[in-house]
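Number of protein chains: 2
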Amino acid sequence: MPSAEFFQVMPVAAALRLLDAHWQPAAATETLATAAALGRALAGDVHAPEPVPAFRKSTVDGYALRAADSFGASPALPAFLALRGELPMGAAPALDISAGEALLIHTGGMLPASADAVAMLEHTQALHASELELLRPLAPGENVIQAGEDVAAGQLILAAGSRLRPQDIGALLAVGITNIAVSARPRIGILSCGDELLPPAAALSPGKIRDINSYTLSALAEALGGQAQRLGIARDERAEYQQRARAGLHACDILLLSAGSSVSARDHTSAVISALGQPGILQHGLATKPGKPTIIAVCDGKPVIGLPGNPVSALMVTRHLLPHLIARFEGARLAQPQPRRAQLTQRVASATGREDWVAVRLHERAGGGLMAQPLFGKSNLIFTLVGADGLLRVPLNTGGFDAGAIVEIQPF
Amino acid sequence: MPSAEFFQVMPVAAALRLLDAHWQPAAATETLATAAALGRALAGDVHAPEPVPAFRKSTVDGYALRAADSFGASPALPAFLALRGELPMGAAPALDISAGEALLIHTGGMLPASADAVAMLEHTQALHASELELLRPLAPGENVIQAGEDVAAGQLILAAGSRLRPQDIGALLAVGITNIAVSARPRIGILSCGDELLPPAAALSPGKIRDINSYTLSALAEALGGQAQRLGIARDERAEYQQRARAGLHACDILLLSAGSSVSARDHTSAVISALGQPGILQHGLATKPGKPTIIAVCDGKPVIGLPGNPVSALMVTRHLLPHLIARFEGARLAQPQPRRAQLTQRVASATGREDWVAVRLHERAGGGLMAQPLFGKSNLIFTLVGADGLLRVPLNTGGFDAGAIVEIQPF
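For the protein sequence lines, the chains are G and D, in the order given. According to the numbering used here, the first sequence is numbered sequentially starting from 1. According to the numbering used here, the second sequence is numbered sequentially starting from 1.
One chain only, chain G, in its complex shape (with noise of 0.2 angstroms):
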């Protein structure tokens, strides 16, 4: 006959300290195209092979000339230049000036060695084709980017840890650096557990359910940048899960175990979990709802996690754990989550020694501003989290929020 069970929860984030003091990724990193690498994390520093620009380029449209031969012009003294041709774009010049001479820029072009500055042709005036006035004095300088401005070579560009954003790619590009090595991605391995459960395609027979954690849990591991591999669903039978298991942690990084809310379900994901290798179950229950009866493992130098068997809670769960795990296994920062404010129409209470998550819509207010409606109702249902349209995490030993306040709400 089953009983009850008991466990002192531990809050998400000392769960966590708890699991990183167990556990040393090793560092694996791959080559690839830096144009491929959008999302990846660096595997180390890197440095500036060139200066950017490599030339002292003109920011405007107008005339290179030396910043000497303009002091004291004004539209009422202009100073006068000879125009001596055109500066090609793309090329090196095949001109240079000499005192009081002037030479025909675009936005881009390389300076001639003797140019320091470029008047913009607005201050300008042709009086014909080899003559022009400027119309005010340039400092040396002026309207130009020197070599190595935006960049000096051997310079720090961007450090180890750091994702790829599509300025980054460009940055690297523009110092020629075309592959680049970055961490990479941990395989996550996805078990789900249980004799109700059936793949999604097939004929619901009475009494069994479709295995959607299995397809929630690997959405979100790919969209969390990780390599999702679902390893299937494990009969509710020790040896098989067992078998499965154990063959899932060979295949990945990090195994999620998903199995039945039942005590007995539970207790078995235990067992599985603690026969799967040193240090096993560091932690039993989660100071969290949904996600309470969560396991903490590390076996045999992998993260494993037993989730609840819920729907919600296995995903709310997998939120809150997974981010971490995946930054840590690249060596990358964690992302900072970005709330969005909005106001509760309604109270939301708390119990203390927990925090809790709650599902909300949101609305536009008439006065601009968001309006959030928390969900209630049974948090099992996965219906709740679709018309969601984040979270309310009501902090531990707090007595929640009242109506009117201004709250954070997590997009999901």
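A couple of the hints might just be wrong.
Copies of the same chain are indistinguishable here, so a pair counts whether it falls within one copy or spans any two.
Restricting the straight-line Cα-Cα distance to at most 25 angstroms, the calculated cross-link-like pairs of lysine to any residue (SDA-like) are [claimed, not checked]:
1) Lys292 with Pro53
2) Lys289 with Asp96
3) Lys292 with Pro339
4) Lys289 with Ala126
5) Lys292 with Met120
6) Lys292 with Glu408
7) Lys292 with Ala160
8) Lys289 with Thr59
9) Lys292 with His123
10) Lys289 with Pro53
11) Lys289 with Leu121
12) Lys289 with Ala366
13) Lys292 with Glu149
14) Lys292 with Gln146
15) Lys289 with Glu149
16) Lys292 with Asp20
17) Lys289 with His123
18) Lys292 with Ala82
19) Lys289 with Ala335
20) Lys292 with Leu121
21) Lys289 with Gln146
22) Lys289 with Gly141
23) Lys292 with Gln336
24) Lys289 with Ala202
25) Lys292 with Arg361
26) Lys292 with Thr59
Just so you know, the hints here were simulated from the structure itself, not pulled from any lab data.
Use these hints to put chain D onto chain G, whose structure you have.
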């Protein structure tokens, strides 16, 4: 001899409305495995073909019984029930109960026909293998999820245009929808033009720079859910530029042209766009900095954007425009920006008549919260964006922000 150019700038939102008025994207759909459709926009409304759950199930570990048998039970005066056995997981109950009887049931188990409530283990005491005491009364339906309580057959579960999140994939699979019609992703063609441009892998020669816009823009287009197609580098020669732009427009759904930043390069791009088809250029000049000399056009039923050549302007303008174009192509809702709040370290001034976008670096503040440090300097240096954590928008016709102001920073 070139002349300075003059045009009436238009706010970004107004330019997008103008573009929408001339662009009706042809809806294109494709059918994918639901499990592979993360992030895709639904082509049509989706209704549940069957209820979830399909049967009445227990939400707890306990005893299935008739609530009427529990009325009046208390620790002082428990109700006695005959225990008739255990219900299996994943199968229809082989047993049923009569008045005064109970069956052991696990979380997620299917209720027998005559039971209407489940007593939690904690509220019972087993007397021996075939009898138990019930210590409190139960309401009918207590600890039971009714058939169809999560979602009813026929209910709208996801509206056309919804982008599929992990929970949405789970919900579709829960009702057996294993393939799903989604909008096609727009093909976004990117053509660079300029005699100064070399492919990133080429050795630089004086006056040449590496083409990075093709890569920053394609990375951004992919990050936003588009299918980027790099169309290479056209020489700054009218016939070649025109021919490559025409071929690109034919092969893609949206065309981005990135040419030099000189007036002559922009004139060239204007002429090329005007010859691509009707109605042609709708607006030349946006009230935004960087990015003012942008061209907005629709040619032969497809948006064409003429971008400034400098990498920062090109990337930031694309960031302003492309999310809208992609969402409209897919019939999806535009994702809202999710800014982070931070306190400005120093004043940011602004000119009237335009909105300014200023790159900032974020720092954690000692007492919690974030500080935003504006990164001033020449706006056309790509490494400024590499060192930035986000962008501050200074709205049109405001005087800027004072030091210490609380502002919203859009991650970038």
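Now for the hints, and whether the structure bears them out:
1. Lys292 with Pro53: Classified as between; 23 angstroms across copies, 55 angstroms inside a copy.
2. Lys289 with Asp96: neither (73 angstroms within a copy, 34 angstroms between copies)
3. Lys292 with Pro339: For lysine 292 and proline 339, only the intra-copy Cα distance (23 angstroms) is at most 25 angstroms; the inter-copy one is 31 angstroms.
4. Lys289 with Ala126: Neither way: lysine 289 and alanine 126 sit 75 angstroms apart in one copy and 30 angstroms across, limit 25 angstroms.
5. Lys292 with Met120: For lysine 292 and methionine 120, only the inter-copy Cα distance (17 angstroms) is at most 25 angstroms; the intra-copy one is 67 angstroms.
6. Lys292 with Glu408: within (23 angstroms within a copy, 35 angstroms between copies)
7. Lys292 with Ala160: neither (35 angstroms within a copy, 35 angstroms between copies)
8. Lys289 with Thr59: Between copies only: 15 angstroms across chains, 57 angstroms inside a chain, cut-off 25 angstroms.
9. Lys292 with His123: between (71 angstroms within a copy, 20 angstroms between copies)
10. Lys289 with Pro53: between (54 angstroms within a copy, 22 angstroms between copies)
11. Lys289 with Leu121: between (66 angstroms within a copy, 21 angstroms between copies)
12. Lys289 with Ala366: For lysine 289 and alanine 366, the Cα distance exceeds 25 angstroms both inside one copy (33 angstroms) and across copies (30 angstroms).
13. Lys292 with Glu149: between (54 angstroms within a copy, 23 angstroms between copies)
14. Lys292 with Gln146: between (59 angstroms within a copy, 24 angstroms between copies)
15. Lys289 with Glu149: Close across copies (21 angstroms), not inside one copy (52 angstroms); limit 25 angstroms.
16. Lys292 with Asp20: Within one copy, since 20 angstroms is at most 25 angstroms while 49 angstroms is not.
17. Lys289 with His123: between (67 angstroms within a copy, 22 angstroms between copies)
18. Lys292 with Ala82: The answer is neither: 81 angstroms in one copy and 32 angstroms across copies each exceed 25 angstroms.
19. Lys289 with Ala335: within (23 angstroms within a copy, 28 angstroms between copies)
20. Lys292 with Leu121: between (69 angstroms within a copy, 18 angstroms between copies)
21. Lys289 with Gln146: The answer is between: 22 angstroms across copies meets 25 angstroms, while 57 angstroms in one copy does not.
22. Lys289 with Gly141: between (62 angstroms within a copy, 23 angstroms between copies)
23. Lys292 with Gln336: within (24 angstroms within a copy, 32 angstroms between copies)
24. Lys289 with Ala202: Neither: 31 angstroms inside a chain and 56 angstroms across chains, both beyond 25 angstroms.
25. Lys292 with Arg361: within (24 angstroms within a copy, 37 angstroms between copies)
26. Lys292 with Thr59: Between copies, since 15 angstroms is at most 25 angstroms while 60 angstroms is not.
Checked against the numbered hints given earlier, the structure breaks hints 2, 4, 7, 12, 18 and 24 and satisfies all the rest.
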